[in-house]
Amino acid sequence: MSNAQPLLDVSGLTKHFPIKGGFPIKRTVGAVQAVDGLDFQVAEGEALGLVGESGCGKSTTGRLITRLLEPTGGKISYRGQDITHAGRRDLAPIRSEIQMIFQDPYASLNPRQTVGKIISGPMEINDINPAGGREARVRELLEIVGLNPEHYNRFPHEFSGGQRQRIGVARALALEPKLIVADEPVSALDVSIQAQVVNLLQKVQRELGIAFVFIAHDLAIVRHFSQRVAVMYLGKIVEIADREDLYDNPRHPYTRALLSAVPEATVDQEPRERIRLTGDVPSPINPPSGCRFRTRCWKATEKCATEAPPLVQVEGNKPGHLTACHYPETADAVPAPRLSKDPEAAA
Amino acid sequence: MTSTDQQPFLSVKDLQVHFSTEDGIVKAVDGLSFDLIKGQTLGIVGESGSGKSVTNLTILGLHDRAHTAIEGEILLDGKELLTASEKELERLRGNKMSMIFQDALASLSPFHTIGTQIGETYRKHTGASKKEARARAIEMLKRVGIPQPDVRVDDYPHQFSGGMRQRAMIAMALVCDPELLIADEPTTALDVTVQAQILDLLKELQQEFGTAIIFITHDLGVIADIADDVLVMYGGRCVERGTKEEVLSSPQHPYTLGLLGSMPSLDGPVDVPLSPIPGSPPSLLNPPSGCRFHPRCTFADKVAGGLCSTERPLLDVVDGRGSACHLPPKQRGDLFADFAAARH
Numbered sequence: 001m002s003n004a005q006p007l008l009d010v011s012g013l014t015k016h017f018p019i020k021g022g023f024p025i026k027r028t029v030g031a032v033q034a035v036d037g038l039d040f041q042v043a044e045g046e047a048l049g050l051v052g053e054s055g056c057g058k059s060t061t062g063r064l065i066t067r068l069l070e071p072t073g074g075k076i077s078y079r080g081q082d083i084t085h086a087g088r089r090d091l092a093p094i095r096s097e098i099q100m101i102f103q104d105p106y107a108s109l110n111p112r113q114t115v116g117k118i119i120s121g122p123m124e125i126n127d128i129n130p131a132g133g134r135e136a137r138v139r140e141l142l143e144i145v146g147l148n149p150e151h152y153n154r155f156p157h158e159f160s161g162g163q164r165q166r167i168g169v170a171r172a173l174a175l176e177p178k179l180i181v182a183d184e185p186v187s188a189l190d191v192s193i194q195a196q197v198v199n200l201l202q203k204v205q206r207e208l209g210i211a212f213v214f215i216a217h218d219l220a221i222v223r224h225f226s227q228r229v230a231v232m233y234l235g236k237i238v239e240i241a242d243r244e245d246l247y248d249n250p251r252h253p254y255t256r257a258l259l260s261a262v263p264e265a266t267v268d269q270e271p272r273e274r275i276r277l278t279g280d281v282p283s284p285i286n287p288p289s290g291c292r293f294r295t296r297c298w299k300a301t302e303k304c305a306t307e308a309p310p311l312v313q314v315e316g317n318k319p320g321h322l323t324a325c326h327y328p329e330t331a332d333a334v335p336a337p338r339l340s341k342d343p344e345a346a347a
Numbered sequence: 001m002t003s004t005d006q007q008p009f010l011s012v013k014d015l016q017v018h019f020s021t022e023d024g025i026v027k028a029v030d031g032l033s034f035d036l037i038k039g040q041t042l043g044i045v046g047e048s049g050s051g052k053s054v055t056n057l058t059i060l061g062l063h064d065r066a067h068t069a070i071e072g073e074i075l076l077d078g079k080e081l082l083t084a085s086e087k088e089l090e091r092l093r094g095n096k097m098s099m100i101f102q103d104a105l106a107s108l109s110p111f112h113t114i115g116t117q118i119g120e121t122y123r124k125h126t127g128a129s130k131k132e133a134r135a136r137a138i139e140m141l142k143r144v145g146i147p148q149p150d151v152r153v154d155d156y157p158h159q160f161s162g163g164m165r166q167r168a169m170i171a172m173a174l175v176c177d178p179e180l181l182i183a184d185e186p187t188t189a190l191d192v193t194v195q196a197q198i199l200d201l202l203k204e205l206q207q208e209f210g211t212a213i214i215f216i217t218h219d220l221g222v223i224a225d226i227a228d229d230v231l232v233m234y235g236g237r238c239v240e241r242g243t244k245e246e247v248l249s250s251p252q253h254p255y256t257l258g259l260l261g262s263m264p265s266l267d268g269p270v271d272v273p274l275s276p277i278p279g280s281p282p283s284l285l286n287p288p289s290g291c292r293f294h295p296r297c298t299f300a301d302k303v304a305g306g307l308c309s310t311e312r313p314l315l316d317v318v319d320g321r322g323s324a325c326h327l328p329p330k331q332r333g334d335l336f337a338d339f340a341a342a343r344h
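The listed protein sequences derive, respectively, from chains P and V. The numbering of the first sequence is the UniProt record's numbering, which starts it at 1 and goes up by one. The numbering of the second sequence is the UniProt record's numbering, which starts it at 1 and goes up by one.
Just so you know, these hints were derived from the structure itself, not from any lab. A few of these clues could be false.
What follows is a set of in silico ranges between Cβ atoms, one per label pair, in the way DEER data are often shown [unchecked claim]:
(1) P:Asn110 / V:Ser161: 47 to 53 Å
(2) P:Lys75 / V:Gln207: 52 to 58 Å
(3) V:Asp64 / P:Gly21: 41 to 47 Å
(4) P:Gly30 / V:Gly320: 30 to 36 Å
Computed footprint of chain V on chain P; a stretch qualifies when at least three of its residues, placed anywhere within it, have a C-beta under 8 Å from a C-beta of chain V [to be verified]:
(5) 92 to 98
(6) 159 to 172
(7) 218 to 225
(8) 319 to 330
Remember, it's a predicted structure, so these values are computed and weren't measured experimentally. Glycine included, every Cβ here is placed at the ideal spot set by N, Cα and C.
Could you build all of it, start to finish, from the sequences and the hints given here?
And the structure:
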């Protein structure tokens, strides 16, 4: 990260969804603590990856940044301007600079509009008239995302899943945004198509200098795409670092376990370490006290139950590598218990 | 195959499955053959529409009979399944062969407890009493690693988490100790840490019971973890097969090579673009002529006489290893090596 003002600055970001219950009068009886105190920055032109398992709050984070959801607490600044609770009117100019790409290429395109209409939609809403007209701009965008400009008048159902996702990308690019939040942009696609879309996004990110918040559960794709990666667990960031630091030197036990659980399509390498977490992710309605990972962590002690570890640069970390753990892993640590019953690893 | 002297437990020969739809005939499976012996896991890889799920529904006899034309042979323990009556199939399903589906929530009844649902299969096939079935259900839940099985047995599916539901599905599938288990993308909807648990569980149970497993997935990483042999499907046909070591470390079909090339890895180079397969999977309503992969194949123009677009390449299998490609093996080896080198 440079010292210049970050494009996006998020601090203490919190979103609690109320749970209503009771009869006859509905009262708020609890809250789903979907996101609980996030701090991170995104620099201009940078790709930040957000990874984590389902329910960790990564999609909620994306929706908070784009202000599709109203934050419960914390602060979101975009280019130094506080947009945490900005109203419709104040948001309007910023909305054109922050765009979103959605997961489901079927649900996120209006089936009754032509591709031309879909992609020019953002320009219409913001009353933007590019030189040469909107249609020419749409054709240019179709070209950029690798679709035939002649398909301007076709409907979404005439395209395959991968092509639809390209239409989604073209729509996001229509307003020349500075930041794109991509929420699982490839996970609904076939493997051979995923790579096409990842390459397209990477091209867009590099050539147009657009910053990305890339939300995904696939660690290999996040590694491929993002310069910096944040790992989330149950509404909190447990570790954030440059790509190389995070993948080569994970300090949080959860990051390490997550990486070891990814199945890799190789057979000739020596088997990697295998850490098997037991159980499931606890409910965000009633998260564990202290460190939220402690119920599945093999290192947890009394301290972990009482004291939430802060996200700091723990000893041995490079600058910018922050870990929220009382007992961070070291490179040569043998992650002792609950291990491999795997016959290959034992042999 | 790892051992050829053993009699195959399941044998599929030249299977053809065609659906008649309003738009025409869909050739979902077009000439598929494979054998599976007990205690082995066969991984079937393919993208959506490659025919991998249809194959397995056909084995179980769960296809829509009114609209399906099937040719070929499916032998389970020497018994022909395609001509078997619905009654016979009912006796076999859940007892000798069973299945785990991708979406555990949709596959469990929301109105019955987990215990009832596991016990139902057991009672049907063994004639056990309700009490015995309940005891068996608790035993199965314990075996698949559900904590407090004697309490959770009375829970409804919505009270279980995603991973636990998948465990309950496995318990249900294994309650009668089937000899063949078909798992159709059982871990696709799960998180990686839970996926790893389920894969370990399946391996453990397989060692214990010697079950033959067909594991369907689109994820080559999962294949590397669980399978012994691999069958790669494309457009309703098998394009390559072999042991997982053979297929993953020295693929012989351009499609397999392309799949491997389009997946980023955790330690590969990051600043080079991925090498995707161009185009998209074919429609089986109107599949490409000749080799079904040829419109997307990087090497199709290397074959003399345009053979790829006119003639179907044959799958020649020697010792369980083979691929269906017109490129001569020698030339293929050189081209593939160049392709791999260009990626690194």
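Here's how the hints hold up against the structure:
In this structure, Asn110 (chain P) and Ser161 (chain V) break the distance hint of 47 to 53 Å, their C-beta atoms being roughly 35 Å apart. Between Lys75 (chain P) and Gln207 (chain V), the C-beta spacing of about 54 Å keeps the proposed range 52 to 58 Å intact. Separated by about 44 Å at the C-beta atoms, Asp64 (chain V) and Gly21 (chain P) satisfy the suggested range of 41 to 47 Å. At roughly 57 Å, the beta-carbon separation of Gly30 (chain P) and Gly320 (chain V) lies outside the given 30 to 36 Å, and the hint is violated.
Proximity of the region 92 to 98 of chain P to chain V, defined as three or more residues with a beta carbon under 8 Å from a beta carbon of that chain, is not established by the 0 residues found. Counting residues of the region 159 to 172 of chain P whose CB lies closer than 8 Å to any CB of chain V gives 4, so the stated coverage by that chain holds, three being the minimum. Note: the region 218 to 225 of chain P has 5 residues with beta-carbon separation from chain V under 8 Å; the three-residue rule is met and the coverage holds. Note: the region 319 to 330 of chain P has 0 residues with beta-carbon separation from chain V under 8 Å; the three-residue rule is not met and the coverage is violated.
The earlier numbered hints that this structure contradicts are 1, 4, 5 and 8.
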